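Visitor: Sequence:
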Amino acid sequence: MNEKNIGTYIRDLRLKKKLTLSRLSEISNISQPYLSQIEKRKRNPSFDIIRKLSEAFEVDFTELAWRAGLYTDAEMQERRAMEAFFNSMTPEEEDAYIEAENKSYEVEEFRRLHHPDVKDVLKQRAVYFNGKSLNKEYSELATKVLEALFEKLEVNYPSKKEIEKEYHDFNNMFAFLNQDSSDRDKDK
1 MNEKNIGTYI
11 RDLRLKKKLT
21 LSRLSEISNI
31 SQPYLSQIEK
41 RKRNPSFDII
51 RKLSEAFEVD
61 FTELAWRAGL
71 YTDAEMQERR
81 AMEAFFNSMT
91 PEEEDAYIEA
101 ENKSYEVEEF
111 RRLHHPDVKD
121 VLKQRAVYFN
131 GKSLNKEYSE
141 LATKVLEALF
151 EKLEVNYPSK
161 KEIEKEYHDF
171 NNMFAFLNQD
181 SSDRDKDK
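For the sequence shown, position 96 matches number 96 in full-length UniProt numbering, and the numbering has no gaps at all.
Source of the hints: derived by calculation from the structure; they are not laboratory data. Keep in mind that this is a model prediction, so the values were computed, not measured. Be aware that one or more of the hints could be misleading.
[Stated by the list, open to error] The calculated lysine-lysine pairs, modelled on DSS-like cross-linking and capped at a C-alpha distance of 27 Å, are: (1) 161 / 136; (2) 18 / 42; (3) 103 / 132.
[To be verified] The following label-pair restraints were derived from C-beta to C-beta distances: (4) 144 / 170: 31 to 39 Å; (5) 96 / 141: 41 to 49 Å; (6) 162 / 96: 55 to 63 Å; (7) 173 / 26: 55 to 63 Å; (8) 155 / 88: 22 to 30 Å; (9) 155 / 27: 22 to 30 Å; (10) 27 / 128: 41 to 49 Å; (11) 135 / 175: 41 to 49 Å.
Backbone N, C-alpha and C define an ideal beta-carbon position, used for all residues, glycine too.
Using the sequences provided together with the hints, build the complete structure.
Guide: Following this line, the structure appears as C-alpha cells:
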C-alpha cells in the first residue's frame with residue numbers, strides 16, 4: 001500500500017480542490033463528522049465511502065481504494081499491468097482479445113453445464129444434498145469420500161479441445177435451426 005495514509009491523502013485532495021469539510025460533505029453525501037474522523041485517522045473508509053469520495057474528487061476509485069488499504073499491492077500491480085496491456089492494443093486487437101475471452105467464458109459455461117465435475121460442484125458456496133445444506137467442512141468431507149471411492153476409476157474427462165468442438169457443434173446446430181426457421185418465415 002502507498003506510504004501516505006488515506007486520511008492525510010483525502011485531506012490533501014480536499015485542500016487541493018479548495019473544499020471545506022462542509023462542502024465535501026455536501027458533494028459526497030458523507031457526514032462531516034465521519035469525514036473528519038477519516039482525515040484524523042480515527043476511521044477507515046469502506047468501499048462505499050471510497051466510491052463517493054472518488055466521485056466527489058473525480059479520481060480513480062481503485063487507486064483511492066488501494067490507498068485506503070482495500071486492495072493489496074499485488075492486486076494494484078495486476079490492475080496496472082492489465083491497464084498497460086489494454087492501452088498497448090489497437091482497437092482491432094482489443095476487440096479480438098475481448099471476443100476470445102468471451103468465447104473462452106462461453107465454452108467454460110458450456111463445460112460446467114454439460115460436463116459438470118462433482119468436485120467443482122462441492123466447492124460452490126450453496127451446495128445441498130437431499131435438501132440439506134452442506135457447509136465447507138461437509139463439502140470437503142464429501143470430496144474426500146468420493147475421491148477414495150472412485151480412486152481406481154480411469155480418468156476419461158473430455159479434453160479442452162473436445163469440449164470446444166462439442167460447443168462449436170452445438171452452436172452450429174442452433175445456428176442452422178435458426179437459419180432454417182427464418183427461411184420458413186420468408187416463405188410465408
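Visitor: The structure should be examined with respect to each hint, and the outcome stated for every one.
Guide: Evaluation of the provided hints:
The hinted pair formed by residue 161 and residue 136 fails the criterion: a straight-line CA distance of about 32 Å is larger than 27 Å. For the given pair, residue 18 sits about 23 Å from residue 42 by alpha-carbon distance, which is consistent with the 27 Å threshold. Restraint check for residue 103 and residue 132: the C-alpha separation of about 35 Å exceeds 27 Å, so the hint is violated. Between residue 144 and residue 170 the C-beta distance comes to about 34 Å, which sits within the given range of 31 to 39 Å.
Our hint of 41 to 49 Å for residue 96 and residue 141 holds, since their Cβ atoms are close to 45 Å apart. Residue 162 and residue 96 have their C-beta atoms about 24 Å apart, which leaves the hinted 55 to 63 Å range violated. In this structure the supplied range 55 to 63 Å holds for residue 173 paired with residue 26, their Cβ-Cβ distance being about 59 Å. The given range of 22 to 30 Å is broken by residue 155 and residue 88, whose C-beta atoms sit roughly 40 Å from each other.
Between residue 155 and residue 27, the C-beta spacing of about 59 Å breaks the proposed range 22 to 30 Å. Taking 41 to 49 Å as the suggested C-beta distance range, the pair residue 27 and residue 128 conforms, at roughly 47 Å. Distance hint check for residue 135 and residue 175: the Cβ-Cβ separation is about 43 Å, which falls inside the suggested range of 41 to 49 Å.
In this structure, the earlier hints numbered 1, 3, 6, 8 and 9 are contradicted, and the remaining ones agree with it.
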